[in-house]
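K.L.:
Make the full structure from the sequences, and use the hints.
As you go down the protein sequences, you meet chains A and S in turn.
Here the first sequence stands for residues 1 to 585, where the numbers follow the numbering used here.
Here the second sequence stands for residues 586 to 1170, where the numbers follow the numbering used here.
Source of the hints: derived by calculation from the structure; they are not laboratory data.
Ideal placement from N, C-alpha and C gives every residue a C-beta, glycine not left out.
The reader is advised that the hints may include incorrect statements.
Said to hold, decoys possible - Selected chain S positions facing chain A (Cβ under 7 Å, derived; list incomplete):
{"#": "1", "residue": "A916"}
{"#": "2", "residue": "P920"}
{"#": "3", "residue": "L1135"}
{"#": "4", "residue": "Y1144"}
{"#": "5", "residue": "R1158"}
{"#": "6", "residue": "P1164"}
Stated by the list, open to error - Once the Cα atoms are required to be at most 20 Å apart in a straight line, the calculated DMTMM-like pairs of lysine to aspartate or glutamate come out as:
{"#": "7", "chain 1": "A", "residue 1": "K324", "chain 2": "S", "residue 2": "E1088"}
{"#": "8", "chain 1": "S", "residue 1": "K836", "chain 2": "A", "residue 2": "E420"}
{"#": "9", "chain 1": "A", "residue 1": "K324", "chain 2": "S", "residue 2": "D684"}
{"#": "10", "chain 1": "S", "residue 1": "K909", "chain 2": "A", "residue 2": "D173"}
Listed below are the residues making up each chain.
There are 2 protein chains.
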Amino acid sequence: MWHYDPPLRDMRFVIDEVLGAPDAWARMPAFDGLDADTAAEVLAQAGKFAAEVLAPLNGPGDLAGCAWHEGQVTTPPGYPAAYQDFVDGGWPALACDPDCGGQGLPQLLNAALYEMLAAANHGWTMYPGLLHGAYECLHAHASGELRERYLPKVTSGEWLSTMCLTEAHAGSDLGLLRTKAEPRADGSYAITGNKIFISGGEHDLTGNIVHLVLARLAGAPPGTKGLSLLLVPKILPDGTRNAVHCDSIEKKMGLKGSATCTMRFEAATGWLLGEPNRGLAAMFLMMNAARLHVGLQGLGHLEVSTQNALRHAAERAQSRAPRKPAGAPDADADPIVLHPAIRRTLWTLQARTEGGRVLAYWAAQALDEAAAHPDEGERRAANDRATLLTPVVKALLTELGHHGADDALGVWGGHGYIHEMGIEQIVRDSRIAMIYEGTNEIQAIDLLLRKVLPDGGVRLGQLLDWAGAQAEGATNAQRLRQGLQALRECADALVAGAAADPEWPYRAADDFLHALGEALLACAWARSEVAARHALAAGAPDAAFYEAKLQRTRFQADYLAGELPRYLAAVERSRAELPFLPVLG
Amino acid sequence: MWHYDPPLRDMRFVIDEVLGAPDAWARMPAFDGLDADTAAEVLAQAGKFAAEVLAPLNGPGDLAGCAWHEGQVTTPPGYPAAYQDFVDGGWPALACDPDCGGQGLPQLLNAALYEMLAAANHGWTMYPGLLHGAYECLHAHASGELRERYLPKVTSGEWLSTMCLTEAHAGSDLGLLRTKAEPRADGSYAITGNKIFISGGEHDLTGNIVHLVLARLAGAPPGTKGLSLLLVPKILPDGTRNAVHCDSIEKKMGLKGSATCTMRFEAATGWLLGEPNRGLAAMFLMMNAARLHVGLQGLGHLEVSTQNALRHAAERAQSRAPRKPAGAPDADADPIVLHPAIRRTLWTLQARTEGGRVLAYWAAQALDEAAAHPDEGERRAANDRATLLTPVVKALLTELGHHGADDALGVWGGHGYIHEMGIEQIVRDSRIAMIYEGTNEIQAIDLLLRKVLPDGGVRLGQLLDWAGAQAEGATNAQRLRQGLQALRECADALVAGAAADPEWPYRAADDFLHALGEALLACAWARSEVAARHALAAGAPDAAFYEAKLQRTRFQADYLAGELPRYLAAVERSRAELPFLPVLG
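P.N.:
This is the structure we're talking about:
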C-alpha cells in the first residue's frame, strides 16, 4: 500500500557527492561546524517526521477535508497535533538566523526538509509552507516593538502566517489590487478589503495568525508601485479579536486538508512593514526562496509517485512479459515491472526525479552561497545563478511533478483511479503548484523577458558555462556542450529577433524555459555520472547504488536526450505569427 | 460560467463537407432516405438534450456522488429523470436495427450523440454508455426466448446493462478470471464469483439490469480460451431478485455520479450467450465500437474544455498584452485571450479538438461502411481502416482530452482549481478514459504488434494511401506526403528490426501510435482546409467560419507539424536497450 520512504540515500548522494556541499559549507563561516554526518542526521530526523507523522494523515486528510463553521475552520483530524510536533522539533527555525532563535542551517537542508514534507503530505505542509517567507519579511523589515512581538513567534512557528495578495479580480496582475490601508493616529493602519485564495487564512493549528497583507495607502499611485505591505494579526496585542473574518473556504480539486480562505478585512488593525508603496519589493525579497519551495513540492510529488509506482509494479502480476531477466520464474502472469511500457514509464520517472533533485538542490545551494559566501564575487555569481535557476526549477519541477504523478497513475491501471491507492490524490494535489507563486507561464516570461534578453544573454551564458563545467568528465560531455551551444544560439536568435517582432519571445518563452530545463537536467545527470564513477573507483561499499545511477545516466542519454532539440525546434517554430482568436458566436 | 454549447456547426461541417457522409449514405441502402438536413435535425435535438438536461446535472452530480446503502445505490439528484427523458426520446435505439425496434441511423450520428453526452455529463453517460455494446452482443448472439425477453428492452434502454469483466487480480489480463458458471438441468447456469469496477452494477435508473458476465465453465481450458459470456439479470423472469449483490461502490478521482460497483454473484442464475468458451470473441465483436466511444469521450472533454476556456479568456482581464488587435481599447488590463501564452494554449486546444473530431468521425464512418456498404471490397477496406483507426482514436483522443482539459485549467489560473468553475472536474473525469476499454499502452501494442507488424505493414500502407488521398489539394500536401512516407519507413524499420530484437516494437509502440495519430491529424486538417476553400469558392454564406478554419489549418502547420518527426525520432531512440529495473532496497 501507499507509503512514503524518505529518499535519504539519494539526498545524501546529491548533497555530499554531486554538490560537494560539505566542502562548500566549510568555506562559509555561517555554516561553521556543519559536516556531512550532522546534515545527514538532521535529514534522517526530518524524514522520520515526514514518513511517520505526516504521511499517515495524507489520505484521511483528503477525505475529511477542512470544515468551516461561522468563521471558524477545523482542519482534518491529526493536523493540529502534527503541527505541534513540528514546532516542538524546532523544524520551522531550521534555516533561520540564530540571533532570532533560528538554527542557522543552510537553505539546502531546508529544501530537503520541505521536499519530504510535501511528498508526505502537501495539504498539511501548506500551513507552515509560508512561514519561512514571513520570517524573511519580518527579519528584513520589522523593527522595534513589531519585531519583538512577532519575529520570535514566527521563527519558532508558534504563530503561523499568511500572505494576503490575491483579490477576485487580481491574480497574476497585482497592480489591480483594491484593498485599502488608512493611517490612524497611533501609527497603526485600518485595513479594509476582500482577499481570496488565502492559504491558512483561518485554522485551528495556532493561537494567532499573522497576516501579511498587500494594500494601498490613501493617495498611493495606481498599479504595483502603490502597494504597501502590512502586518495584520488575527489576535491583537491586547488579546482581542481583530476585524479579520474568514467568510468561506473553497471546494478545490486537491489539497483538501489545506483551508483556502476568503478573507474580509473590516477596518482591521495592522502595521506597515517596510516603506510605504514598497510592499511588492518587500515581498519579492523572498520570492526566489518561495518559488524554489514550490518547485520542491513538484519534486516531492514526483518522488512519492515514483517510489510507490515502482513498488506496485513489482507486486502486481498481469500477462506474460515479452522478455524476462535470466532465471525469472515461468508463470501465467509476470510482475508488470517487466513489461516494456511500464518499465519505460518507471525509468522515465526515476530519471526525472533524481535529475530534478540535483537541479532543485543546485538552486538551494546557490541561495546559500548568495547569502553566505565570504567572497563578494562568488556571492554575486551565485545570486545570478539562483535568479536564472529559480523560474526553471519552479516551472519545470511542478510540471514534472504533476505530469509524472499522472503518468504514474497509469501504472496502477484502473486501480489508480481509486482514492485508497493514493496516487490520484497526488495528481490532484500537484496541479496547483503549476499555478501559484506565479503561473508557469509567468515563470517562463520572467526567465526569458526579464532575465535573459535584457542583458543580451550574458548571465545566461555564465549559467551555461557553469553547467558545462558540471558535465566535465562525463561520457557524453561533448554532446552536452553541443546542446548548451545550441541553447546559446537559440538565445542569441531571440535577442536578435525580438527587435523586429517583440512578441516572439512571449510566444517562445515556455519552450525556451523547457529547453534550458532539459539542458540542465542533462548536465545534472552528467555530474551524477561523474560522482558515481568516482565513488566506484574509490571502492565505495554500496556499489549497487552507484551502478544503478550509471544505468539511469544511460537511460537519460538514450531516451531523454531528444527533449532539448525538441524544445529548441519549437522555439524556432514559434516565429510564426499567432493570430488573435476569432471568437465565433 | 461553465456551460456546454453543442458544436453543431462544426459537426455539420465535418459530417457533410469533410466526410461527405450524406453522399455516402445515399450509396448505402441501409441509410435510404437519410439526408444532411435530417441528420442535422437529429443532432440538434441531441445537442439540446445534452446542453439543457445533462449539462446542468454535471457539477452537482460530482458533488453529490452516488450513495450505497445495504446493497442499493442512489444516483445523484436528477439522474433518473434525465435517463427517463433519454429513453422517451428514443436515443438508445438511434443506431439499432429497425427490425428490433431501432431507428437504423448510422454509427456516425451515434458517435456525434455520444460525443455530446460525454461532453455535457460524462458521469451520467456511463449508465447508457454500455447499452449499445450490450445491444450488439444480444443482437448477434441471443436467440429464442432470451432474445425475445431481453433484446427489445435493451434496444429501447428500458433496461440498462453492464459488462462484468474485471476481477481484483485480473484487469488487463482477462485470462486470469476465476468467476465460474455451472450448468443446471434447466439449461441455465449458476454463476459464482466476484467482479470489481462494474460501471452501473447497481443503480436506481431502471427496473432491471442486464449483466453480461465473463465466466469459466467447469472443465474449460485456462486462459482467455476458456471464457464464456453469460447473461445474468438483476431481476429474474419470474420477478424475483437474482443472487447478484452490490457490496460497495468505489471512491474515485472522478465520474462520481457513476456508480462503480463491487459485484458478488452467489450461484446467480444466468444463460449462455453465444458458444461455450467463445465469450471473449463474442465481446470483441463490439470492441471497435466500444473503443471508438471512449475516444469520443476524450473528444467531448476536449470540446467542452476548449469552448469554456475560450469564453473565460475573453472575459477575464489581467495585465496588458504585449500586442493588441488594431482598435482594441487601451486599458490597465487586457482580456487574457490577447496574451500570447494563453492564445497559444487556446489555438492548440482548438486545433486538437477540431482535428480530433475529423479523426473520430472517420473511424465511425468506416464502421458504417464496413457494416453497410453494398460492395464487399469496400466493406473489407472500410473494416481494415476501422481496425487501424480504432486504437489510435481511443488512445490519442483520450490523451488529448485529459491533457487538453489539464492545459485548459491553466487558463483560469488559480480559479481553475476551484470546483465551481467546472474545469477541474473535467480533468478528473477524463483520466479514466485513458485506462478503461484497454489501457492506452494496450491500444498501442494492439496497433503495432497485432495490426501493423503481422502483415508486414500492408494494411498500414493502405491506410496511409487513403490518408494521403484525403490531403490531396491542400496547401502542404507535399509535406504531408513526406510525413506519411517517413511513417511508412518507420514501420518498415520496425518490421525489419523486430526479428533481431523482438522487444523493440513493445518499447516503440506508444511513440508509433502517436506518430500515426499526428500524421492522421495533419491529414484531417489538410482535408478540412480543402473543404473550407471549396465552400469559400462556392460563396458559402458564413465565410467567417471557413476563414477561421483556414487560420487553424495554418496554426496546425506552423505550430504542430513538429509532433510527427518528434515521435518518429522517439521510435528510433527506443532501439536502445531498456534494462530491467534495479529495485533498490
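K.L.:
Each hint needs a verdict: does it hold in this structure or not?
P.N.:
Each hint tested on the structure:
1. A916: violated, 11 Å
2. P920: Since chain A brings no Cβ nearer than about 10 Å to S/P920, farther than 7 Å, the hint is violated.
3. L1135: It is violated, given that the least Cβ distance between S/L1135 and chain A is near 10 Å, above 7 Å.
4. Y1144: holds, 6 Å
5. R1158: holds, 6 Å
6. P1164: holds, 6 Å
7. A/K324 <-> S/E1088: The hint holds at about 10 Å.
8. S/K836 <-> A/E420: With a Cα-Cα distance of about 8 Å, the restraint between S/K836 and A/E420 holds, given a limit of 20 Å.
9. A/K324 <-> S/D684: violated, 52 Å
10. S/K909 <-> A/D173: holds, 18 Å
Of the numbered hints listed earlier, those contradicted by the structure are 1, 2, 3 and 9.
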